[in-house]
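Asks: The task is to assemble the complex, starting from two chains supplied on their own in separate frames and drawing on the hints.
Letter by letter, the chains look like this.
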Amino acid sequence: MIIRPIDTIYIGLLSLEIFITLLIGSYAYRGYRDLRDSRLLNLHLGFTVIGGGLLVELTIFIVTHITRPFIYMLIANYVSAIAQVLGYLIIVIGYYRVPKDQMLLSTLGVSTIFPLMTIYLGSSILIIFILYRVLVNYVISRDRMLIYSISAFTLLSLSYILLSIGVARPESYLRFIGNFIRLLGFTLLTYSIYRSSRG
Amino acid sequence: MVRGYRSRVRILYDILKQVDILENIDGVARPTKIMYKANLSYERLKTYIDELERRGLISREGEGYRLTENGARFLIELERIINMLRAFGFEP
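Those sequence lines, one after another, are chains H and R.
The first sequence runs 1 to 199 under the numbering used here.
The second sequence runs 200 to 291 under the numbering used here.
Source of the hints: derived by calculation from the structure; they are not laboratory data.
We put the beta carbon where it would ideally sit given N, CA and C, even for glycine.
Please note that a few of the clues may not be correct.
Stated by the list, open to error - To give an idea of the interface, some chain H residues facing chain R are shown, with a C-beta separation under 7 angstroms as derived from the structure: (1) 35; (2) 37; (3) 39; (4) 134; (5) 137; (6) 140; (7) 192; (8) 193.
Same shape as in the complex, but just chain R (with noise of 0.2 angstroms):
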């Protein structure tokens, strides 16, 4: 079975959970960790990370970068918009 790629909304999902359980370990997110962890490139982090920082859903802190209030709830939001698009067989 082929497995597609993923989607902005997966991309999205992977790289806020990684801050969030990376920062309940280390404090704060390190780029290269999510980088790592989500499975991403340096280039496409970077892109989403500036996105997401823009939109106030991550703050940088020193090395790393962690979830702001909105982020938490953003990433709850999004949990179940994945559900939501799982349950309809359109995500993997």
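Isolated chain H, as found in the complex (with noise of 0.2 angstroms):
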């Protein structure tokens, strides 16, 4: 078994946005809990599912590197991107308020299995439409804690297009690149949500 230094920093990496994304969504349940608004049920899932997919992905990754048959990579970067998309697209959905009977229908319908690079591309669109979002709230109400938000989607959809365009060139450090970015995201995100005062 090898284990180069690059595959230590992406374990590290992945390890750091799993524990993040489930930061996230616990923290978004715990809301619900109190309060059942069913916004906060579609953060939870959303980023419970986009961490469990990023889960998948890291226990693939170690175990390959033991088994080394690398078809079964391919399978969890399928699995991990698919489980994005279906993360982010659960948080659009939540600005719909769609009945909670009627939401996993709704996800299942819209996504399909599209190839990896679409699919990475799929979540740098509903990232770009969550940032819409955000952009319209800032222009409202000029919060400058909303800056950190904002960054925090650019950069998510960022690392997406990276990572796709890194599924295509595997030999080139973009997957890194893209990987980083989008722990970044997560982290600014993560600032910007626990910060409980304002301006």
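Replies: Structure (structure tokens):
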């Protein structure tokens, strides 16, 4: 078993991303449990699905370094990428207040199996939609706290574009840069959420 | 730009925040003042006040209400939740 230094960085980045996404997901669940607000349920489900997908990717990445059948890594990438599209889709559906029993159906209905590259681009488009909603909020309120959120979603969107190109050019470092930028995005998002005061 | 209606989370936050502010100014938060400051009709305020009282977040004190210890904690939590919803563009 050979683990290159770059693989260690990759494992580290993924682990942090999993931690942050599941942290946001669990925080949203705490809010949902107290307030029964469907938007919080969407955030909880969305981030749990994203974190779950990344966890599958990490687990299979580690396992493939022991057993070496790289086809599993490709499957892991698909599972993770689809989970991310589904996760963001669940969050976007939250803007339209879809009843809970219809949410799964809507999510499955809208999403189909695309090639990996298209899936990453799909994530990017969904994040751009979220970014648009936050920008509208910013224009209305001019709240400086939202700048962190806007920066976070810009970074997340950029990261998925890089990940998408990285799939087509596996020899490049684009995937690592994409992962790193996505981690920065998640970190910034967590920071903006945990800031309790405005301004 | 058309602004959407206030969510339940936002209304609960507005009520608790006003109870907190009015309690600091007047000692207790009177329902009429909460109603005016939180921009709610009497019927809606009554529904929410009953819920908050039932959940032990506010308590009746003479002619008004005060935040309980749980209520003060919940207010901080609500502020964080609203920040989270705003970070995602769910709340204006």
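Asks: Taking the closest Cβ pair, is residue 137(H) under 7 angstroms from chain R?
Replies: holds (5 angstroms)
Asks: Given residue 140(H) as an interface hint, is its Cβ closer than 7 angstroms to any Cβ of chain R?
Replies: At 5 angstroms from the nearest chain R Cβ, residue 140(H) passes the 7 angstroms test, so the hint holds.
Asks: Please verify that hint: residue 37(H), Cβ, nearest Cβ of chain R, below 7 angstroms or not.
Replies: holds (5 angstroms)
Asks: For the hint on residue 134(H), does the least C-beta distance to chain R fall short of 7 angstroms?
Replies: holds (4 angstroms)
Asks: Given residue 35(H) as an interface hint, is the shortest Cβ-Cβ distance to chain R below 7 angstroms?
Replies: Check passed: Cβ of residue 35(H) comes within 5 angstroms of chain R, closer than 7 angstroms.
Asks: How about residue 193(H): closest beta carbon in chain R under 7 angstroms, or not?
Replies: Since chain R brings a Cβ to about 5 angstroms from residue 193(H), closer than 7 angstroms, the hint holds.
Asks: When the nearest CB of chain R is found for residue 39(H), is that gap smaller than 7 angstroms?
Replies: holds (5 angstroms)
Asks: Answer holds if the nearest beta-carbon of chain R is closer than 7 angstroms to that of residue 192(H); otherwise answer violated.
Replies: holds (5 angstroms)
Of the hints listed earlier, there is not a single one the structure fails to meet.
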